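The residues making up each chain are set out below.
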Amino acid sequence: DAGVIQSPRHEVTEMGQEVTLRCKPISGHDYLFWYRQTMMRGLELLIYFNNNVPIDDSGMPEDRFSAKMPNASFSTLKIQPSEPRDSAVYFCASSQAPSTVDEQFFGPGTRLTVL
Amino acid sequence: DAKTTQPPSMDCAEGRAANLPCNHSTISGNEYVYWYRQIHSQGPQYIIHGLKNNETNEMASLIITEDRKSSTLILPHATLRDTAVYYCIVRAPNTGNQFYFGTGTSLTVIP
Chain P
3 DAGVIQSPRH EVTEMGQEVT LRCKPISGHD YLFWYRQTMM RGLELLIYFN NNVPIDDSGM
63 PEDRFSAKMP NASFSTLKIQ PSEPRDSAVY FCASSQAPST VDEQFFGPGT RLTVL
Chain R
9 DAKTTQPPSM DCAEGRAANL PCNHSTISGN EYVYWYRQIH SQGPQYIIHG LKNNETNEMA
69 SLIITEDRKS STLILPHATL RDTAVYYCIV RAPNTGNQFY FGTGTSLTVI P
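Line by line, the protein sequences are chains P and R.
To convert a position in the first sequence, counted from 1, into this note's numbering, add 2.
To convert a position in the second sequence, counted from 1, into this note's numbering, add 8.
These are calculated hints, taken from the structure and not from any lab test.
Model, not experiment: these values are computed from the prediction.
Built from N, CA and C at the ideal position, the CB exists for glycine as well.
Hints may be right or wrong, so weigh each one.
[Claimed, not checked] Listed below are several chain R residues computed to face chain P (Cβ distance under 8 Å; list not exhaustive): (1) H48; (2) Q50; (3) G51; (4) Y54; (5) P101; (6) F107; (7) F109.
[Stated by the list, open to error] If you anchor each label on the Cβ, the simulated ranges turn out as follows: (8) D58(P) / P119(R): 41 to 49 Å; (9) Q98(P) / S49(R): 22 to 30 Å; (10) A100(R) / E46(P): 14 to 22 Å; (11) S60(P) / L59(R): 24 to 32 Å; (12) S68(P) / G37(R): 47 to 55 Å; (13) P119(R) / N73(P): 41 to 49 Å; (14) E22(R) / A99(P): 34 to 42 Å; (15) D58(P) / A21(R): 41 to 49 Å; (16) A99(P) / A21(R): 21 to 29 Å; (17) S68(P) / H85(R): 42 to 50 Å; (18) L59(R) / R24(P): 30 to 38 Å; (19) E64(P) / N27(R): 40 to 48 Å; (20) A21(R) / S68(P): 42 to 50 Å.
Whole structure, please, built from the sequences with the hints as guidance.
Written as structure tokens, this is what we have:
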């Protein structure tokens with residue numbers, strides 16, 4: 003398996019533009035997570051899905067952020083409109099059904115810069 | 009999930025054992041201790057986990073105190089590639105698979 007795939011790897015946009023980040027989880031994994039990492043706040047969980055259904059979106063900063071998972075192999079995180087404070091590295095991770103191992107596999111991340 | 013406390017940074021000489029401590033004094037009986045690490049510019053990577061017994065795998069060893077209020081991650085022979093931020097996380101399994109990463113310990117392996 004190729005692991006968790008994220009695209010694009012880097013995104014530079016201007017304030018007010020719409021940004022869409024994409025993630026392909028590992029095949030067979032039932033859980034998908036979106037994280038955001040900044041120097042100030044560290045690694046934060048934004049939202050996670052179980053079997054394509056959003057379970058907890060309490061970490062989503064505000065209504066400008068939305069996430070979807072239309073099928074088991076694809077998820078998007080959208081920011082509209084984007085703001086400079088959204089600049090961060092966004093990670094997607096996936097894992098199998100709950101177990102004591104609970105290992106999450108992270109993608110390489112998307113580095114977003116909003117000018 | 010229980011709160012964890014880790015030193016912000018540590019140094020270790022290459023080839024020596026790196027011992028990374030973690031305090032989790034409010035851990036509950038059903039909570040496991042997990043360790044992840046994040047090498048610069050990469051996503052976090054699972055290392056090891058345990059409940060109350062010491063654990064060892066090809067990457068590291070995990071020593072959990074008898075009262076489970078603290079633990080130590082041991083990298084037996086640190087290499088330069090082990091330079092990373094190490095996160096200690098405690099959580100109960102089957103609780104929604106959420107991980108809350110703190111600030112971790114930034115380990116620098118010195119040649």
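> Which numbered hints does this structure break?
Replying inline: 1, 12, 16
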